[in-house]
Structure formats: structure tokens, C-alpha cells
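Undergrad: One letter stands for each residue in the lines below.
Number of protein chains: 2
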Amino acid sequence: MCDVCVAYQGSPGTVIEAFVLKAFPECTTVPLQRSEAALEAVESSLADIAILPIENAYTGSFHKSYDILLSHDLQIVQEVQMDVELCLLALPGVHKDDLKTIFSHPQYLAQCEHSISGLSVSKKNVDHGVVGAEIISKQNLRDSGVICSARAAELYGLNILECNFQDESPNVTRYLVLAKTANLPKEHDQYKTSVVFGLEEGPGALCKALGSFWKRGINLTKIESRPNRGKPMRIRGTEKLFNYIFYVDFEASMTDVRAQNALKGLEEVASFLRVLGCYPCSTTTI
Amino acid sequence: MCDVCVAYQGSPGTVIEAFVLKAFPECTTVPLQRSEAALEAVESSLADIAILPIENAYTGSFHKSYDILLSHDLQIVQEVQMDVELCLLALPGVHKDDLKTIFSHPQYLAQCEHSISGLSVSKKNVDHGVVGAEIISKQNLRDSGVICSARAAELYGLNILECNFQDESPNVTRYLVLAKTANLPKEHDQYKTSVVFGLEEGPGALCKALGSFWKRGINLTKIESRPNRGKPMRIRGTEKLFNYIFYVDFEASMTDVRAQNALKGLEEVASFLRVLGCYPCSTTTI
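Residue numbers (our numbering), protein chains in the order written: chain U, 1 to 286; chain G, 1 to 286.
Possibly wrong hints are sitting among the right ones.
Put simply, identical chains are the same to the list, so a pair is met inside one copy or across any two.
As the list claims (entries may be wrong) - The calculated SDA-like cross-link candidates involving lysine to any residue, where the alpha carbons are at most 25 angstroms apart (straight line), are:
1. Lys22 x Thr238
2. Lys180 x Ala41
3. Lys64 x Ile286
4. Lys215 x Asn261
5. Lys208 x Val275
6. Lys231 x Pro170
7. Lys208 x Gly265
8. Lys96 x Ala110
9. Lys138 x Gln107
10. Lys222 x Leu263
Note that these hints are calculated values from the structure, not bench results.
Keep in mind the model is a prediction, meaning the values are calculated, not measured.
With the hints as extra help, turn the sequences into a complete structure.
TA: Have a look at this one:
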């Protein structure tokens with residue numbers, strides 16, 4: 001895509017900016033304070049696409065992204081995997097042994113848990129790694145480091161103490177690309193469809209819901225249970241039952257009759273069902 | 001249980017301590033710094049049972065608890081649901097309008113998201129609400145509040161500005177009780193079994209795995225996908241595929257032949273399979 005306008009939650013130097021510049025090198029970036037604002041920018045046609053990180057292979061799902069998908073009316077049109085490189089940064093002249101504190105987003109602290117445990121430091125959560133970089137730079141903190149993208153070093157006058165500071169390589173994060181209108185699937189590509197549904201009360205509802213895929217030999221690639229935030233509990237007399245919604249990714253395109261029938265079967269036990277998107281499977285990384 | 005020795009991650013005044021004192025009023029408490037230490041205390045017979053919070057109806061799963069379940073060799077012997085009451089605390093004489101910052105654990109900040117949005121404050125993450133209570137008390141912070149248990153007010157000389165500060169009532173959290181040896185299920189109670197498994201490579205593996213329950217009419221109550229931290233990616237040439245493990249709760253006891261057969265079927269496609277416990281379903285709250 002050329003000159004596409006890409007909205008995302010982030011600011012210059014964040015890891016998601018590094019992703020956007022790599023995935024869409026010719027794009028106009030629209031960095032925003034919140035992911036919700038990025039999706040709203042697309043809804044109101046101020047941007048063409050929005051980016052949501054959805055899962056990291058090592059630390060798992062970005063659960064808030066699942067909630068945001070549901071509360072907005074966009075379509076997933078693409079998935080892109082990136083091998084995320086995290087760097088440990090500090091002020092010039094500061095060595096690893098000088099560090100007493102490491103700042104970063106909780107997800108990045110988790111992706112570097114083992115590397116961090118080798119240092120005698122405490123961890124401090126910030127909303128973005130760059131927030132930590134700014135604090136270190138402005139307050140001239142010579143006993144603190146931050147886990148961030150390499151570009152943040154340039155922007156905040158820091159040195160890279162270690163590249164590839166993450167515990168696992170490849171450290172793959174999967175991102176979703178969202179747009180206002182769906183892409184029409186081509187028949188011969190390998191497609192994936194993402195749906196979200198709630199279930200009617202009754203015995204065996206989840207079993208019946210998943211059976212609808214099983215009966216048609218459609219493979220599921222992921223199942224994510226999330227609380228039904230509109231109605232987190234079902235109350236029956238003294239019984240209080242957890243009430244979930246389910247996000248399912250399956251390997252079939254919506255042009256496939258099996259997929260259409262599976263969703264018809266699912267509708268019979270679902271309190272609601274929404275197709276979040278149908279897009280080409282991507283198994284390589286950028 | 002009388003005089004049972006209960007280990008958990010927490011300190012006096014934490015919400016989990018309130019849970020332990022309510023669920024096991026005659027117990028000896030063993031508060032520890034980390035959940036892992038609580039499970040290790042049971043493994044080494046220093047405590048009888050360990051407590052893990054597993055999910056909140058509003059904010060979802062405690063994902064770290066799932067990882068900890070896998071890395072320790074204990075059995076789930078009971079589940080207990082509690083209606084968690086969160087209080088907003090501050091120094092005596094401080095009013096809601098004076099607050100500029102609210103401290104708490106990210107889960108509790110999330111459970112009070114709407115209530116907080118009504119105040120003009122910034123949120124600060126701490127490992128436990130009581131850490132925030134201690135900071136406010138020691139540093140005499142008259143512009144800060146903390147979300148915590150009512151008992152923390154007594155312990156740290158704070159006032160309760162608002163009871164039931166959480167957005168949802170009932171605000172139910174489900175806790176697991178772990179012990180060294182399994183309880184033998186009685187035949188006529190309603191039992192639940194929790195398992196965790198990985199999958200062999202091959203088409204439709206997850207579909208086959210779940211089909212093993214579906215074919216036998218066994219209802220699943222929860223499915224949780226987590227990264228396989230030992231091997232987060234499957235690499236095939238240039239393809240990099242996410243590699244999950246699955247936590248499944250189903251409504252049947254291990255004495256039920258259907259459950260035994262379902263697990264035999266599951267074993268055929270599983271790279272590993274472990275029964276985490278078999279315990280009575282609990283749908284009421286304390």
C-alpha cells in the first residue's frame with residue numbers, strides 16, 4: 001500500500017511505530033494516545049487503517065485489544081507477524097552494573113523477564129517504553145534503564161546497552177490491520193476467519209458451538225474466552241455463574257460453504273455472533 | 001477445615017487475605033511475597049493448601065495463575081467464588097475532590113475503571129493495594145487515594161472514602177484451592193475437571209482435541225489458550241507458527257467413564273496432557 005494513512009496507539013520511538021514503518025514503509029503515520037482513538041480515526045475516515053497488537057508468542061494475548069475489537073465496527077483485513085527486537089537503553093556512560101531500575105510497558109518487561117533477572121534491578125511499569133526513556137532523559141537518571149525500540153535511543157539521547165534484550169528469539173508479535181470495509185477473499189488463498197460470539201443459557205452450549213466447526217472438519221487456530229462485560233454474571237437464585245464471550249479464529253474463508261454452514265449452526269446456540277473479518281493467513285514474519 | 005494452614009501471595013490488608021479469612025475462618029495464614037512461593041510451601045509441606053486467584057467476572061483471567069498452575073505439581077481440590085468489595089481509601093480529612101492520583105494493582109484499577117473515570121485523577125500501578133496504602137501513609141500524601149480492602153484502612157490509618165467502589169456488583173472473583181493430594185470425588189455431586197494440554201502438529205489438531213469432548217456430550221465451561229513458553233513458536237522453513245497450550249474446564253468427574261474416554265481420545269492428538277484437578281462445582285459466592 002502506498003500513501004496509506006495508518007492510525008495506532010503510540011508515539012515516535014515506540015515498538016508499534018517500528019512495526020508500522022516496516023510493514024507500511026510508504027505510509028503516513030497517525031500516532032494516537034489510545035488504541036480506541038486509532039479505530040475511531042478509521043471509523044470517521046481520518047485514517048485508512050488502524051493497527052492493533054493481538055498476541056505475542058511468549059507472553060500471550062493482548063486482552064484489551066480483544067475488548068476493543070468488539071466495541072468498534074471495523075473489519076480485520078490482514079494479519080502481520082513481526083519479529084520484535086527490544087533494546088536496553090540508558091544514558092551515555094551508564095553501564096549495566098549501574099542500573100537499579102528498569103522502566104517499560106508490562107508486556108516488554110515480561111518479554112525480557114529472564115534477561116532482567118540477571119541484573120539486580122527493580123521493574124517500573126510505564127504506559128510506553130518511550131515514557132521511561134523521557135523520564136530517564138529529562139531527570140538525568142544515571143541508575144535507570146528502559147526497554148524500548150532502538151529508535152528511542154536516538155530520540156532521547158540514550159545509548160543502547162544491549163540489542164535483542166528479549167528472552168526469546170524470534171520474539172514474534174502478531175498485529176491485526178483493521179479497515180472500514182472487508183477485503184473480498186480470493187478463492188485459492190489460505191484464508192482465516194475471526195468471529196466473536198456469546199452463548200444462550202442451556203446445557204452444553206459451548207460444546208454445541210464448537211461442535212459446529214468440528215462436524216465440518218474446520219480447524220480452529222485460536223480460542224479466547226473473555227468476560228461478557230455487558231453482563232459478567234448470570235444470576236439464577238443463589239447461583240452466580242461466569243458469563244463469557246468467545247473469540248474464535250478458524251481456517252476457512254467466508255466464501256467456503258462449510259464456513260457458512262458452521263456459522264449457521266453456531267447461530268442456533270449463540271446469543272450474538274459477529275464476523276470480525278476474513279483475511280489471508282500469514283505465517284511468515286517481517 | 002479447622003486449623004488448616006493456608007499459603008497465598010499477599011500481606012495483611014490485601015484482598016486475598018480478606019478472601020482467606022472469609023473462606024477459612026479458623027485457619028493459620030501464611031502470607032508470602034509471590035504466588036509461586038505459596039505453591040512451594042505446600043509442595044514442601046510447610047502449608048496444607050495454597051490459594052490462587054484464577055478469574056474475575058469483569059476483568060477476566062489471571063493469566064499468570066495459569067502459568068503457575070502448570071509449573072507446579074499440585075492438585076486443584078476446590079473452587080471458591082467471592083464477591084470482592086473494593087474500597088477507596090485516603091488520609092483522614094482528605095476528600096474525593098482533593099485526589100490527583102489513585103494507587104492500586106492493575107486488576108483493581110480495571111475493576112473500578114468507570115468509578116475512577118468520574119474523578120480527575122491519574123492511575124498508578126503497584127504490586128498490591130497495600131503498597132499504595134503504605135506509600136500514602138508514610139509520605140503523608142494528601143492528594144492520593146488507594147483502592148484496597150476495608151481492613152487496609154485500619155492497618156494504615158486511612159479513612160474509607162467509598163465502600164463498594166468497584167464498577168460491578170456482584171464483583172465475583174473465583175479462587176482455586178490447591179493441595180498435594182487429590183480429593184476423591186463422590187459420585188453424586190456435580191464435579192468439574194481441569195486439564196491442560198499441548199497439541200501435536202498436524203491438520204485439525206485442536207478440532208480433534210475438542211471433538212473428543214463433543215462426541216461424548218461433555219460440556220466445557222472454559223477454554224484458555226496460553227503461549228507454550230517452553231516452545232512459543234513452531235518453525236517450518238520460513239513459516240513461524242504460534243504454539244499454544246490449552247487449559248480446559250469440563251463438567252464431569254474423573255470417575256465418569258465418559259471423561260476417562262474423552263481424555264483417552266485427547267491423548268491421541270496431545271503432545272502432553274495433565275489433569276490439574278477434579279473438584280466440586282461451586283456456583284454460589286461467599
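Undergrad: Does each hint hold? Answer for all of them.
TA: Hints, verified against the model:
1. Lys22 x Thr238: Classified as between; 18 angstroms across copies, 54 angstroms inside a copy.
2. Lys180 x Ala41: Within one copy only: 10 angstroms inside a chain, 53 angstroms across chains, cut-off 25 angstroms.
3. Lys64 x Ile286: within (24 angstroms within a copy, 29 angstroms between copies)
4. Lys215 x Asn261: both (10 angstroms within a copy, 19 angstroms between copies)
5. Lys208 x Val275: both (18 angstroms within a copy, 23 angstroms between copies)
6. Lys231 x Pro170: This pair counts as between: shortest inter-copy Cα distance 11 angstroms, intra-copy 39 angstroms.
7. Lys208 x Gly265: both (9 angstroms within a copy, 18 angstroms between copies)
8. Lys96 x Ala110: within (19 angstroms within a copy, 34 angstroms between copies)
9. Lys138 x Gln107: within (24 angstroms within a copy, 30 angstroms between copies)
10. Lys222 x Leu263: both (16 angstroms within a copy, 20 angstroms between copies)
In this structure, none of the earlier numbered hints is contradicted; all agree with it.
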